Amino acid sequence: MTDRLAEGALPLPRPHAPAGTAARALPRRLAPAAIAAGLAGAAWWLAGQPGGTRLALSLTFGALFGFVLQRSRFCFYCLGRDFLVAGDPRGLLGILAALAAGLAGYAVVLGAWMPDPAGTRLPPDAHIGPVGPVLVLAGAVFGAGMAVSGSCISAHLYRLGEGSPTAPFALVGTGLGFVLGFATWNPLYLASVSEMPVLWLPRHLGYAGSLAAALGLLAVLAWALLRHLPAPEPRPAVRPDPLRAVFTGRWPVWLGGLAVGAIGALAYLRVGPLGVTAEIGGRSRQAAGALGLLPERLEGLDSFRGCATAVRDAVLTPNGLFVGGLVLASFAAALAAGQFCPARPTGSQVLRGLLGGVLLGWGAMTGLGCSVGTLLSGITAGAVSGWVFGLAMFAGSGLTLWLGRRTGLLA
Amino acid sequence: MLRQSARLLALVAGTLLPLSEAVAQEPAAKTAGPAAAKTDPKESPLVSTEWLEKNLDAKKVRIVEVSVEPGVFERGHIPGAQNVVWHTDLVETVSRDIAGPEKFTALVRRLGIDRDTTVVLYGDNNNWFAAWGAWVFAQYGLVDNVKLLDGGRKKWEAEKRPLDTRSAEVAASGFTPAPASSALRARFGDVLAVAKKERDEQILDIRSPDEFSGKIIAPAGVQELAIRAGHIPGSVNVPWGKAVNADGTIKSPAELKALYAAAGIDGTKPIITSCRIGERSSHSWFVLSRILGYQARNYDGSWTEYGNAVGVPVVNLAGTVWGGK
Chain A
1 MTDRLAEGAL
11 PLPRPHAPAG
21 TAARALPRRL
31 APAAIAAGLA
41 GAAWWLAGQP
51 GGTRLALSLT
61 FGALFGFVLQ
71 RSRFCFYCLG
81 RDFLVAGDPR
91 GLLGILAALA
101 AGLAGYAVVL
111 GAWMPDPAGT
121 RLPPDAHIGP
131 VGPVLVLAGA
141 VFGAGMAVSG
151 SCISAHLYRL
161 GEGSPTAPFA
171 LVGTGLGFVL
181 GFATWNPLYL
191 ASVSEMPVLW
201 LPRHLGYAGS
211 LAAALGLLAV
221 LAWALLRHLP
231 APEPRPAVRP
241 DPLRAVFTGR
251 WPVWLGGLAV
261 GAIGALAYLR
271 VGPLGVTAEI
281 GGRSRQAAGA
291 LGLLPERLEG
301 LDSFRGCATA
311 VRDAVLTPNG
321 LFVGGLVLAS
331 FAAALAAGQF
341 CPARPTGSQV
351 LRGLLGGVLL
361 GWGAMTGLGC
371 SVGTLLSGIT
381 AGAVSGWVFG
391 LAMFAGSGLT
401 LWLGRRTGLL
411 A
Chain B
1 MLRQSARLLA
11 LVAGTLLPLS
21 EAVAQEPAAK
31 TAGPAAAKTD
41 PKESPLVSTE
51 WLEKNLDAKK
61 VRIVEVSVEP
71 GVFERGHIPG
81 AQNVVWHTDL
91 VETVSRDIAG
101 PEKFTALVRR
111 LGIDRDTTVV
121 LYGDNNNWFA
131 AWGAWVFAQY
141 GLVDNVKLLD
151 GGRKKWEAEK
161 RPLDTRSAEV
171 AASGFTPAPA
181 SSALRARFGD
191 VLAVAKKERD
201 EQILDIRSPD
211 EFSGKIIAPA
221 GVQELAIRAG
231 HIPGSVNVPW
241 GKAVNADGTI
251 KSPAELKALY
261 AAAGIDGTKP
271 IITSCRIGER
281 SSHSWFVLSR
291 ILGYQARNYD
301 GSWTEYGNAV
311 GVPVVNLAGT
321 VWGGK
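Note that the protein sequences, when read in sequence, are chains A and B. Mapping of the first sequence onto the UniProt record's numbering: position 267 corresponds to residue 267, and the numbering continues sequentially without gaps. Mapping of the second sequence onto the UniProt record's numbering: position 126 corresponds to residue 126, and the numbering continues sequentially without gaps.
It should be emphasised that the hints constitute simulated quantities derived from the structure, not laboratory data. All the pointers check out, no bait thrown in.
Just so you have them, the derived chain B footprint on chain A, three or more residues with Cβ under 8 angstroms:
| id | stretch |
| --- | --- |
| 1 | 115-129 |
| 2 | 259-273 |
Some chain B residues well away from chain A (every beta-carbon gap over 12 angstroms; in silico):
| id | residue |
| --- | --- |
| 3 | Arg115 |
| 4 | Thr268 |
| 5 | Leu292 |
To be clear about the criterion: a stretch of chain B counts as covered by chain A if any three or more of its residues have a C-beta under 8 angstroms from a C-beta of chain A, and this derived list gives those stretches:
| id | stretch |
| --- | --- |
| 6 | 67-79 |
| 7 | 161-167 |
Given the structure is predicted, the values throughout are model-derived calculations rather than measurements. We put the CB at the ideal spot given by N, CA and C, even for glycine.
Isolated chain B, as found in the complex (with noise of 0.2 angstroms):
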């Protein structure tokens, strides 16, 4: 099942990428300040392929991988990189939660990950999951010392930089994590609150147009399902692929501020992403959060927890019942 969603998920990445090209092509409105800002690894929560070559032998940076797609890290992956599974590893597997605090200070000790490592997450379909890793690395106060890089699998491929099939050997940490943080997961009762206008808060639904409007109420052949159709009442819809280039790299700064803008967020207010499971949306709250800087929570229950809860206000454009009409 796991492995089919994972094949779905990596499915709908497909089906979005050629949106994300199409947007690509637009004139890009580079500006040079957030650009040189994106170069200097301390400031900006990207690095560059380029700047990760220079630093593979870096002593304080660990590079890790998350990856849709079984079998790719172990058949190359950049050189010194550790391999984590979003599916086993940064989720708890009965209860539907993340990976909690045991669970997870393990995982990063063995990482050898602390607090002042450079921890660099990467991983394919543009880096979908190694957000959605930097988001639950965030809970536990691993936050500004962990960036993405810039482009992921897909550009250091395409660039043709070196790949390595061996595992690295790290000395484990000794790594204590902090309290996870309300301040980035927004919960079921947060959203409520939006939806009933109780809060003054924006909501972003990075799914496709056709499962925000409720025409279908999951991508085909997914197999986790809500029982109703629609979108949470305020939510703005705009696909998390739109966020990336044809490249795999992330906008910039000003194309992205331009992007949001136009769907009427501007960072004046607290945003909530959200999406199916929670998992796309961690790559907007990325962007919104990290890169914009915008006070941004995602929601991690997401339609298919929004979905089935029973009484509450649901906008349903498609007027989808049941699954058809």
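Next comes chain A alone, as it looks inside the complex (with noise of 0.2 angstroms):
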């Protein structure tokens, strides 16, 4: 698994060959460590202001998900692609030990603010969306944008820390989309969505049968991706250093899956869902706002659950803090596993990472958030959304990844 196939799609960082000179390591680990020290002073300053507390733990979330996405390359479009194209289930199964672990610690928590989940009510913030049509096209469509700009946005923001040539673009493509979003919203809403469902399974099921369901179905699914496991590699003669274990080599996807599903139910416990488009939606609201590319009122809009853009009030906000915090924590890890490559972009790469970016905003809008705010942080939280999204996701994407394929335009 497979930087090798990821680079596919998409140029990735390589290692750097060992710096040879003290001279050349020193600033590797420096730098790092410097980043390090800067969010963890941030997060301490932040945590002694009036009510800062809130926005202090977003930032240490965000640079603990940007180190775990970074270290794992928990990509969600480059692991599907290992299975569809190089049948190397392990990146998939660590998807799936995500959901897991996620699952387990949501039920901890809902069991816990909502002894009885079966009136009318939904946990708080939780992001349990309507479920139709709509939210099939919109995890289509973002499925396409990440086979065409070959990540997903959470994955796009780590790799802006690697440095990516295509990651800036892909993420204006974003705001763009999320604009063009906006824009359809009201005719979707009054045609469909105002009427469609909003399901949560444990209202239905009990929090025992409903999170016994969601590790069944995660099971039937991690017992049919094991049947196409490769083959053991053979293990290195020498122990490895533990310490390069964390900080050079790749984790494990399923080591990263665990930490990403701990953190997404510490996350709700203490400030909210994951989800990485709510300040890019926020803002490109604002901006859209401001130069009069809105609609007046967007119908209903802001009474869902999922990644709010409502407009910002506020220069640090939480979602804001924790993205800036993944981008930074992503790009010391980067630094000190030797794979900050940043490199000057192609036309192809900056046409993709638009063109991609646009469909990734646009369904994640219209999607009410992304694969961490709709599909990860929906999922865990017993939302039937988080599954439809999901299998929509997967299925844009290896649709598009086929087609794409087929014409030569895509690796």
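If you follow the hints, you should be able to join the two separate chains into one complex; please do so.
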């Protein structure tokens, strides 16, 4: 698994040869340490401000998330592609591990917060959205955007920290896609979304039933994937150095997945569900509003759960700090591992980034979140919308990849 | 929509906060008498954070959080507190009204509250919605046994007192409500009579000065609007946040008396409190009625009812027409 394979879709940084001299090794260690210290210091300072606990925690969770994503290369598209193109299921198994860990963690939190899930209430701010054709369309378009741009939004963010030449354009495209999503929201809402049910599994199955059903489904998927495991690689003769294993070598994806699931549940307990698009969407909405590109009113939008894009009134927001922490921690992790490789973007990278980004943005706006906010935070909270978005997303990316490879446009 | 309204309400509260801080920096003329009365929960409508922490396990005390921001309660509340969601639990969700007798009774029974229970309400945003909760409770006869935690969540957190994420389990009560009282609630007709000078009462409008003057119809981003700008004739403007100190506690009775007296309100005439949707004005209702003991009613129709009514007198100092000039 295989940076080698992922590189087919998007040039990925390659670990540098070990630095020959101490003079080269020192900055490589100092810079990441300085960034980590800066992040810790910023969180410390924020925590001391009135009402700053939430901001400090958001920054911390964002940094942890970015570190884990970079170390395990947790990119929904590349992991799916590893299986579809090379037949290696370990990446998808890592995603299943994230969902299983998150489901268990959420069940513990939700059971404490809402002892009886049967009423008409939903747990506070959990990402449980309306389920209908528009969600399927949003997931499929988001998936297509993943295939075109080379990854999903969260992966573009961690790749920004690695110096990816595509990521900046994909993120700009995402902002544009959000504006497009706002422009098409009202007709979609009035024609369909307003009448679609918001389905929360624990309401119908109870916490134990819903957890058992979800884990059972994950087990079936895992069983199917495990049959495709590649032959084990020969074990290295020397015992790996633990520091190198953590900071330089790639983590197995299942380990990253478990960490992602744990961060998701802990972040929900203390701050809110994981999501990476609220800030991008909110700022796009603000900018588009200032330019007069928004409808007068976005019907019903702000009453839905998900990555809320309600206009920001503060410079520092929890989601802004989460995303900032993610990118900076990924940058530090990439520097430490020798995987920070900025490159001049080619025309194709610019085009694919922008085009794929627009699709990602439209899908994330219309689907009320992305692979993190709707898929991960939705499924782990027991939302049917998470499963539906996820299926549509993998279908959309798989189909686009297949078409792209047939036409020779995608590798 | 509700969620956004809640955020916007929080935003408004945030903008008012610096105002209250500025006022709080004025030399405080605290008198020993009322301050001492505050510490005896039997007498005072307020309880201190210190008293509450000592009485967390008291049998006849029920603690209820009413916060604006969703998820605040669940991520950590005062140990033993129960949650009330203001925009669904305390109102009718289809017609515009406070929770009807059946809905309110079911809620209060579930919370294990009866007439001999000391109820401590608290919340975020300087107890804004907690005060509104106290006003709704008062409609059904739960008045003197309902207290506000002075300083609310803000002070409890600032003092680093413990929080809990587990939910309290209490035995349901057999509460039966008193018939809804009109003595604490003003209706459109009451307000119109005052506006037309048919009745000698005072209206206290607690919105921001710009809303009061008619420069704006509602705070930015608020969806629930009125067709006309301005205020009810004869009303005076004291923004609600002025009744609060920087630490979130309510000012001393002496300071409060001076604050309202400066606007011509001294308790000699009945008072009607009003705002945009009737929630913020509950805070001033609580201050006037429960702390100062003035005869006060809250007008929950407020500007979204009055400013939309046809053919009523309006004072529009700013001359705003259809939201512009």
